[in-house]
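Colleague: Respectively, the protein sequence lines represent chains A and B. So the first sequence is residues 1 to 419, counted in the UniProt record's numbering. So the second sequence is residues 1 to 419, counted in the UniProt record's numbering.
Since the hints were made in silico from the structure, they are not lab data. Hints should not be assumed to be uniformly reliable.
Same chains, same names: a pair is fine if it fits in one copy or spans any two.
[Unchecked claim] Here are the simulated DSS-like cross-link-like pairs (lysine-lysine), alpha carbons at most 30 Å apart as the crow flies:
hint, residue 1, residue 2
1, K157, K251
2, K199, K302
3, K251, K135
4, K281, K401
5, K162, K281
6, K227, K311
In this text, all values refer to a predicted model and were calculated from it rather than measured experimentally.
Protein chains: 2
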Amino acid sequence: MPSRSDITYFGAGPALLPTDVLEEAAAALLNYNDTGLGVAEHSHRSAIAATIINEAKADLASYLDIPDDYEILFMHGGGSGQFAAMAYNFVGNWVTRKHKEAQGSESDESAVPKLKSAVENLKMDYIVTGGWSQKAAAEAERLFGSEHVNIVADGRKANGGKYGTIPNEDTWNLSRDAAMVYYCDNETVHGVEFPGFPKRLEPGPDGPIVVADMSSNILSRKIPISKFAAIFFGAQKNLGSTGITVVVIQKRFLQQPSAALMRQLGLPIPPRILEFETIAKNNSLYNTLSIFDVFIAGRVLKRLLQQHPDKVQGQELLSQKKAQLIYEALEAYPDIYQIIPDKAARSRMNICFRIKGGDAVEEAFLKDAAALGLTGLKGHRELKGIRASNYNSISLEAAEKLADFIRAFASPSGTAAVE
Amino acid sequence: MPSRSDITYFGAGPALLPTDVLEEAAAALLNYNDTGLGVAEHSHRSAIAATIINEAKADLASYLDIPDDYEILFMHGGGSGQFAAMAYNFVGNWVTRKHKEAQGSESDESAVPKLKSAVENLKMDYIVTGGWSQKAAAEAERLFGSEHVNIVADGRKANGGKYGTIPNEDTWNLSRDAAMVYYCDNETVHGVEFPGFPKRLEPGPDGPIVVADMSSNILSRKIPISKFAAIFFGAQKNLGSTGITVVVIQKRFLQQPSAALMRQLGLPIPPRILEFETIAKNNSLYNTLSIFDVFIAGRVLKRLLQQHPDKVQGQELLSQKKAQLIYEALEAYPDIYQIIPDKAARSRMNICFRIKGGDAVEEAFLKDAAALGLTGLKGHRELKGIRASNYNSISLEAAEKLADFIRAFASPSGTAAVE
């Protein structure tokens with residue numbers, strides 16, 4: 001019967017949460033700030049809830065240095081909900097802009113035929129580097145039709161049909177005037193992370209409008225927010241618990257056209273719960289939000305701000321150091337461990353590798369690791385192998401412990417060498 | 001600094017949760033079943049998560065006597081998400097049926113013009129008896145166009161423009177062959193509850209296909225499930241905590257047409273996270289679900305099953321008794337208290353009333369109640385006045401305490417009489 005201190009959990013998400021945050025959450029569930037009522041019971045319309053939301057927003061903005069012209073939204077539906085939401089909202093906003101252009105000095109009605117013709121050229125651009133960006137593109141195709149989805153690049157091409165690289169930017173086939181260019185900054189399943197902001201997406205006078213999924217590497221490195229129209233992330237990896245998804249969006253992209261206009265154009269609109277403009281107008285309280293999950297995210301942020309006087313930069317150094325420890329241990333035994341992605345695209349967050357010798361050796365690795373309290377290391381069901389998720393709640397000591405075990409397992413007296 | 005035992009919270013939702021359930025949840029957050037890891041940290045793909053989901057489903061089915069040909073889904077997005085989801089999915093399923101009819105001996109392609117002509121007559125029927133059914137109808141109009149939404153009856157008509165009645169069934173203007181007939185079984189804001197299953201909606205050979213929002217009265221009375229195509233409810237009133245929404249749907253209504261066919265017909269499809277067929281196929285794990293919230297719901301259900309050997313019938317008697325205590329106290333002082341809805345449509349769950357004398361007297365009522373630990377009684381911001389939400393976690397003793405206070409406040413020596 002292990003206690004929390006016996007276990008280091010490297011699962012890909014839901015991920016480990018800091019024990020002190022969970023202790024605060026457990027107490028708050030029963031009696032929040034001596035109100036006689038728990039944090040999950042207080043009304044989402046109460047002053048208590050508003051304070052929890054506003055503090056979490058302020059702390060996130062401070063930690064990540066989010067400019068004032070961005071709005072922070074807490075939403076339902078997870079990352080998969082955002083695959084749809086980003087397509088709906090950025091197409092809607094694109095139509096708003098085209099509508100303004102088409103109106104010019106003309107009447108509103110004569111704008112519709114022009115808009116219909118513009119919609120024929122509507123494109124959403126997707127850079128596909130792993131399972132999650134692939135799913136996002138598939139959702140856009142399903143909702144809008146494949147004629148409106150342009151795959152800018154596919155990480156499987158020129159890599160034997162498998163994800164593990166970020167295609168050379170020179171090969172990217174970007175559309176002119178896309179409603180958005182979408183990519184996944186860190187692919188949790190395939191362990192592929194963009195090393196930095198793509199050069200081809202640097203802002204020019206006409207965009208591009210860049211959207212990124214940062215579900216699994218948010219809060220772990222500095223982000224040039226002002227280069228993005230929007231980013232989003234589920235809470236359950238680096239921020240908190242499952243139940244809220246965060247969108248950070250530049251306010252000028254919020255505006256949506258009327259539902260009637262979109263129907264005239266044959267384009268779908270988001271259900272209200274996925275409409276950014278509605279969620280922003282209601283300070284994330286269009287409908288009942290899980291204040292408990294916002295509370296947990298808020299405590300995680302306060303803890304990060306306390307831990308790192310230089311905010312996310314401090315955590316970035318730590319994340320880098322932890323990842324390096326683990327990758328170096330793997331690289332020390334190239335005959336035993338095979339790191340899946342290209343070196344240039346290696347994720348600091350999800351370290352994916354196979355062990356030579358096949359399933360039996362990998363099972364021995366998992367078993368020996370578990371005996372030391374190192375758990376959650378099994379690879380994704382699609383990819384198999386081993387995946388060590390190195391999120392913020394993994395301490396430097398825990399990363400060292402894993403690195404030591406990786407070395408010991410591969411050493412001449414270790415299990416891998418014996419089998 | 002009150003403790004939980006000092007406070008009885010009558011808020012409309014998120015609602016009071018049983019203290020013993022919260023104590024279990026607090027312990028499980030830190031270390032679930034001696035695994036060394038909390039319930040919110042375990043993977044949603046783990047055997048632990050599957051057990052939590054499957055037990056909650058089985059206990060819900062047992063408590064409510066849900067037949068085997070129904071599927072239970074845990075979803076994201078709250079009740080507002082379901083306003084969209086019900087419209088999308090029941091229209092999709094209606095198209096599936098029309099497609100089968102139109103195919104007959106003909107080729108697939110020749111079916112499309114017939115389907116297009118059928119779609120011209122597509123209707124969703126809404127019985128509007130308060131703010132929530134009104135919002136559901138508005139979402140369907142927004143997504144599909146008002147030509148596809150038929151307001152069967154509106155509780156404001158023949159009631160001075162205010163909700164508070166259920167229109168006589170003889171006046172209901174039901175469509176032939178509607179994709180669904182939708183109503184809200186209990187209107188939380190306006191305190192209007194259907195006394196039982198509507199006679200006009202009794203199943204015949206061709207339907208009707210009945211869908212109901214039971215967010216705020218689920219688990220409080222027996223439901224003739226087999227008369228419904230689907231029901232749904234947010235968890236945060238009678239079932240548990242904000243973060244999951246439950247759909248109980250007859251399996252034969254799950255099937256959806258292809259996205260391409262729906263686009264040809266000019267009809268929207270749900271984003272994946274709101275598509276019942278997808279959620280059902282994945283046992284509610286299409287994407288990351290808050291297992292913590294399912295855990296809480298599961299504990300609430302186990303507690304209800306222990307408390308009531310005759311399951312929901314036992315709770316129904318108790319709910320009725322509690323509501324009667326409070327309404328009788330109000331009725332004893334007709335010069336002081338004015339119950340908002342019609343007697344025939346009074347909610348057992350949300351008891352809405354005004355106090356003669358205006359805002360100042362109502363504020364005195366709230367203040368005096370709070371001094372006794374009776375909180376959360378302020379009416380909805382749209383309706384004002386007082387609302388006592390009498391959900392399952394309000395004990396008989398708590399209802400008695402409120403009834404006693406209602407009498408005391410109105411008695412000759414009470415505050416109402418003095419002012």
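Colleague: Hints first: check each against the structure and report whether it holds.
Modeller: Verification of the hints:
For the homomeric pair K157 and K251, neither the shortest alpha-carbon distance inside one copy (36 Å) nor that between copies (41 Å) is at most 30 Å. Taking CA atoms no more than 30 Å apart as the test, K199 paired with K302 passes in neither setting, with 33 Å inside one copy and 56 Å between copies. For the homomeric pair K251 and K135, the shortest alpha-carbon distances inside one copy (26 Å) and between copies (26 Å) are both at most 30 Å. Proximity of K281 and K401 under a CA criterion of 30 Å is satisfied in neither setting, with 47 Å inside one chain copy and 40 Å between copies.
With identical chains, the CA atoms of K162 and K281 are at most 30 Å apart between copies only, with a shortest distance of 27 Å across copies and 42 Å within one. Proximity of K227 and K311 under a CA criterion of 30 Å is satisfied intra-copy only: 20 Å inside one chain copy versus 57 Å between copies.
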